[in-house]
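Quick mapping for you: the protein sequence lines, in order, are chains A and B. Taking my numbering, the leading residue of the first sequence gets 1, the next gets one more, and so forth. Taking my numbering, the leading residue of the second sequence gets 1, the next gets one more, and so forth.
Think of the hints as simulated: they come from the structure by calculation, not from any bench. Treat each hint with caution, since some may be false.
In silico contact screen, one side only, chain B against chain A (beta carbon under 10 angstroms); selected entries [said to hold, decoys possible]:
1) Gly102
2) Arg120
3) Trp121
4) Gln124
5) Arg313
6) Gly317
From the three backbone atoms N, C-alpha and C, an ideal C-beta is built for every residue, glycine too.
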Amino acid sequence: MKRVVNQSISIRRRLLLQLLFVAILLSGLLYLSVRTVADSAVERTQDSILGAATIAIAEELRGGEEGVAVDIPYTAFSMLGSIGQDRVFYRITIGDETVTGYDELALPTEPLNGLTPLFYDDAYRGLLVRAAAVERSVLVNGKALPVRVIVAQTRTSQQTIVASLAERAALLGIGFFVIAVGLSLLTARLVVKPVSSLVEAVGRRGPQDLRPVQRPVPRELVPLVTALNGFMSRLSVALSRTETFIAEAAHHIRTPLATLRAQAEIALRQTENEEARQTIRSMIRSVDTSARSAGQMLEHAAVVFRSDQRSDEQIDLSLLVEDITESYEPSAEMKGVRLVCLPHAHDITVDADRILLEAALRNLIDNAIKYTPKDGLVEVSVISAEGFARLEVKDSGRGLFGAQAAQLTGRFQRGANVEDVVGSGLGLTIVKEVARSLNGRFEIVEREEGGTCAALYVPLRSR
Amino acid sequence: MRGALCSIAITLIASTTLAFDIEQQQLFQGQGDETLSILSTTDIGIFRPVIAAFQEVRPDISVDYVVASTQEVYRAIYEEGAQFDLAVSSAMDLQMKLANDGLAQGHSSAQTDALPDWARWQDQLFAFAQEPVVTVVSQAAFEGRQTPATRSDLIRHLRDDPETFRGRIGTYDPRKSGAGYLFATQDARQSDTYWRLSEVMGGLEPKLYEASSAMLNAVESGELAIAYNVLGSYALARLDQKGAATIIELEDFTNILLRTALIPANAENPSGGAAFLDFLLSATGQRVLEENSGLPRINAGALAAQSYLRPIRLDTGLLVFVDPLKKQQFLREWSAAVVQ
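Chain A with its partners taken away, still in its complex shape:
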């Protein structure tokens, strides 16, 4: 059963979102800054050409007897076509009078500073134009006349260049963003990697594995792992203390019980009084029950302890089954039950802890004999099926009386039909513990023809 954990947004996603946010921000900034720089660079370039054209015209102005001679150099307008094909307008004025050019072209509103061009934006004939203006004084008949030269140009090609640069800037921003997304994904994964590998290592442990985490962990996780280790060591100490306590308790109970039973047997033999003998017999029965319970508690404790510290070896199951079946033959005979080991293959081997496996099998056979009436039959078999060895003990006993495996394998749980049989309710618990410890499983079902079929699955030795 998976415990529900109060889950918040994952570290990786949180990190990713933050990185992506930063990436979007930086991409946007990159786009804007590239655009701004490109815009101003293009504008400056155009301005300097426009300014050069204006100065070139102004430098050709000559004074003379007939007035100001204007000789526009061809290159002045030709150079304006060097960046793109834009319309050109110009105006040359002496004082307030337009000498040549387009006389509706707006004059600069600010004072001019000689041959240093003044740039300004303007609208001419419904077109947005960039204008440059310079002023120069020309000597005519000994009189200095202020001559202004204004050259204006539409900015269509500038807009085209800026648009194409903007497109490139946008591509750059998008490219940057895509790379940033890739790097963010990688970074998020790398950052979370120690956490996920720790999670994986802890998750891979068996439920009984309470060893401290030894692997190196990043400094940020040290407090968590320290806390975890402390917690687990305390848990481990508590567990082992409990098991030890149970084992010792069982031992301390069993020894005096054995003594008590011996004494009772002696008393039984010495007493003639039938009433007293009856009492002593029931006493002996109680002592047997107690002793058995104590024995199984000890065995359970041993199984739990061993499942924490398994020492696996290669075991030939056929031999094991034969040995153990053989060892139960006397007790079966005593009860008048036929115990049979069915024929089986001889190459079924598993890697498992021998003590655990023996304990499980013993409990299964013991149970079967116990719940089978006189002249009944108990069959033990081992077969291999789908990667597992199936150890099966079938009896012709009274069955489970409708109980389910889960109920029967609980600690101190017994069937509803067993009052007359000595038992502790720990036998199947032990089998189940073993099955879990050996990564196998345990099934117990009622047979259709009466009796019970108990099966322990243990993974086969991998070849």
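We have chain A; now place chain B onto it with these hints.
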């Protein structure tokens, strides 16, 4: 069939509705109601095959073809506000002025996009033919002499033997001819040799003309020994067969004139103008122009092959010589050199 459709009506008198001087006018009748009016500086005879080819593709359009001088074409559009769907002129500077001052409208198509940069200005002014500005010499006059290859050669000939050439040199009068003015200004821009040549010619009583054809006639008749700055297409068309004169592309530099067309901003049928323009620039139109009209097609390869061929670029530099002060000053200089 086509002859029946194209009822021809040549009018050599100026239309009363138009205030500018018309030299020729002809209506090429189509099948439909759509009429396309073209104002052009190119003679009807030269353009007729192109119009016929156009009407084969678009028989629904009638073409009203009006011929005027370069100055008049410019004046009609710029000052009179005359409504035409296409303005065709060899005066590149005036066409440039029209486009720059917003009197043309934009047009963009696969054909216009295919033009090289130097043959197009924005989406407004398009060159459809290129032709060299050549010098034609009478073979009789140069009997036993080496034909001049450069302007310096020409100057040497004139100086060495002034009496042979006195009164037998012809060139455009830039004061009267727009094309002549364009050639003179471009020559002056290219090299100072032009002014030396002008001075030398001025000393030899040159004859001044307004049109290439008249100059070519005079060379053929032997009246002229040298015709300087003649339209190459006219010279080729006239002189090819006879052999009385030689066409020279001067190797110091030879200007390449571009014949350009624009769709006026106030056109009544701009799509018709655009259709004709696209046809002019199309492979078929260019082939008909070159083979049937004798106007060489736009061909960047041909220019690259001869380094002395200098196309007059369609850029705003052309505006400089349209400036009235500049023009006045240039013509004063020119007159001082040539008219003397």
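Each hint tested on the structure:
Hint status for B:Gly102: holds, given a least beta-carbon distance of 6 angstroms to chain A, under 10 angstroms. Interface restraint check: B:Arg120 against chain A, minimum CB-CB distance 8 angstroms, threshold 10 angstroms, status holds. Hint on B:Trp121 holds. Least Cβ distance to chain A is approximately 5 angstroms, under the 10 angstroms limit. Of the supplied interface hints, the one on B:Gln124 holds, with its beta-carbon coming within about 9 angstroms of a beta-carbon of chain A, less than 10 angstroms.
Below 10 angstroms, beta-carbon pairs count as interface contacts, and B:Arg313 has one with chain A at about 8 angstroms; its hint therefore holds. With a cut of 10 angstroms, the hint placing B:Gly317 at the interface with chain A holds, because the nearest CB-to-CB distance is about 3 angstroms.
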